[in-house]
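*Asks:* Listed below, chain by chain, are the residues.
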Amino acid sequence: MKQMQPDDAAVIAKARDGDHEAFRVLVDRHGRNIYRLAYRMTGKPEDAEDVVQDTFVRAFQRLDRFEARSNFATWLYRIGFNCAIDYMRSRQRRETPEPPATLEILAPTASGPSMDDLVYAGEIDRRVRAALQDLSEQERAAFLLRHYHGCSIEEICEALDLKTNAAKHSIFRAVRKMRTALGPLVGAPLERVES
Amino acid sequence: MNGHPTDETLILHFYRELPAAEAHAVATHLESCGACRAAWEELVATLTLVDAAHVPEPGPGFERVVWARVSESLPAPAWSWRSVVPIGALAAAALVVAVVTGSMRGAGPGPQPVSSDVTGVDANIRTQKRVLFTALDDHFHQTEVLLVELMNASAGDIDLGFEREAADELVASSRLYRATARDTGDDQFAQVLEDLEHMLIEVARSPLSIVPADFESLRQRIGDEDWLFKVRAAATEVRTRQQSLNVISEGPL
Numbered sequence: 001m002k003q004m005q006p007d008d009a010a011v012i013a014k015a016r017d018g019d020h021e022a023f024r025v026l027v028d029r030h031g032r033n034i035y036r037l038a039y040r041m042t043g044k045p046e047d048a049e050d051v052v053q054d055t056f057v058r059a060f061q062r063l064d065r066f067e068a069r070s071n072f073a074t075w076l077y078r079i080g081f082n083c084a085i086d087y088m089r090s091r092q093r094r095e096t097p098e099p100p101a102t103l104e105i106l107a108p109t110a111s112g113p114s115m116d117d118l119v120y121a122g123e124i125d126r127r128v129r130a131a132l133q134d135l136s137e138q139e140r141a142a143f144l145l146r147h148y149h150g151c152s153i154e155e156i157c158e159a160l161d162l163k164t165n166a167a168k169h170s171i172f173r174a175v176r177k178m179r180t181a182l183g184p185l186v187g188a189p190l191e192r193v194e195s
Numbered sequence: 196m197n198g199h200p201t202d203e204t205l206i207l208h209f210y211r212e213l214p215a216a217e218a219h220a221v222a223t224h225l226e227s228c229g230a231c232r233a234a235w236e237e238l239v240a241t242l243t244l245v246d247a248a249h250v251p252e253p254g255p256g257f258e259r260v261v262w263a264r265v266s267e268s269l270p271a272p273a274w275s276w277r278s279v280v281p282i283g284a285l286a287a288a289a290l291v292v293a294v295v296t297g298s299m300r301g302a303g304p305g306p307q308p309v310s311s312d313v314t315g316v317d318a319n320i321r322t323q324k325r326v327l328f329t330a331l332d333d334h335f336h337q338t339e340v341l342l343v344e345l346m347n348a349s350a351g352d353i354d355l356g357f358e359r360e361a362a363d364e365l366v367a368s369s370r371l372y373r374a375t376a377r378d379t380g381d382d383q384f385a386q387v388l389e390d391l392e393h394m395l396i397e398v399a400r401s402p403l404s405i406v407p408a409d410f411e412s413l414r415q416r417i418g419d420e421d422w423l424f425k426v427r428a429a430a431t432e433v434r435t436r437q438q439s440l441n442v443i444s445e446g447p448l
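These protein sequence lines are chains Z and Y, in that order. In terms of the working numbering, the first sequence opens at residue 1 and continues consecutively. In terms of the working numbering, the second sequence opens at residue 196 and continues consecutively.
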């Protein structure tokens, strides 16, 4: 995970005093990571950009609540996650719901998809996106932070305000759903001896 | 290790979340148990595929766009670089506004004493214009210096810290001059200032360390839109108008 850079603390201190230029440095440093998280949460680039904006505006408003001993990136992920959730709920109210992510494509079929018919990378994208949408908000956030952003379980607990077991089980459930979704592409047997 | 590792244990092993001793035991078990090794390889393959899912990377101007959107929503700064950096242009602009508006207030309401010269230009207006033109002359000169610096910067010299501050300061003073120019009826200069502000804002909002492609695009725009020529032409026009005022001021013998 991207750790707090050595001079993040000094920049944060200036930004807390209302220094916009200092805050801009934080936007420059962390904006792309928040974008990636937001994109995987929302699934749309334009929505992700809105979430990034909301995240930094909210972060600025709450800078005085940031504890210097914490990791700024983790703290920002927490805000980004909440902004993404708020955004998606608001989007659901605004828009006619789209057809749900097609779960039928997730289930392995008897014959399996013909690789000749697939653009392989596109198929992976579709399946991962659909599987992510099929996760609960908590599962999705925990999995994204662990898998893509390299956060430890401990950091995920801090970012999402979860107990250790809850964070772990969110990740376990997410991984199981990913295995179901991507199993046909992996081509490996799913059956194994459970102990 | 007793028995086979569970799915959960394998997932924690994949993410390096197991204590060292347990991780070692799992690794040892995987070497000797075909079924578990197959499950492990399937898990690794699946999560490797997850890595392959594409996220569109934002363009090179992403940070600049985000900042432009974020900064619009932030409260006014409690202080900014302007409060700690000695500045010339903004203070000069404020002085110009004070002189011009003071001169206007001094005129007071109601009928004014007739003091027009043969050209019909009131003495008060002449004073206001003279102050404004002097300030504009300096403003256009500073803008020209900034543009020349940007156009001549080498490819490796793209820390825009100084240029951003200078552009920010010029935008602030330009807004004051523009309002003053409208008040004095010099709409032509007001329009030039307004157009120029868009370009200066772009410089002011550039990232501190701009990527070469963005920097080249900025310079391209300055060049394509002939900003150096426009600024020099505006400065020439200001001087011409200054001279014209002086002639009027000295008046016919």
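Don't take every hint at face value.
Some but not every residue of chain Y turned toward chain Z, in silico, with C-beta under 10 Å [unchecked claim]:
1. A240
2. A247
3. E339
4. V343
5. E344
6. M346
For the record, the hints were derived by calculation from the structure and aren't laboratory data. Quick reminder that beta carbons are idealized off the backbone N, C-alpha and C, glycines included.
*Asks:* Going back to the hint list, which numbers does this structure go against?
*Replies:* 3, 4, 5 and 6
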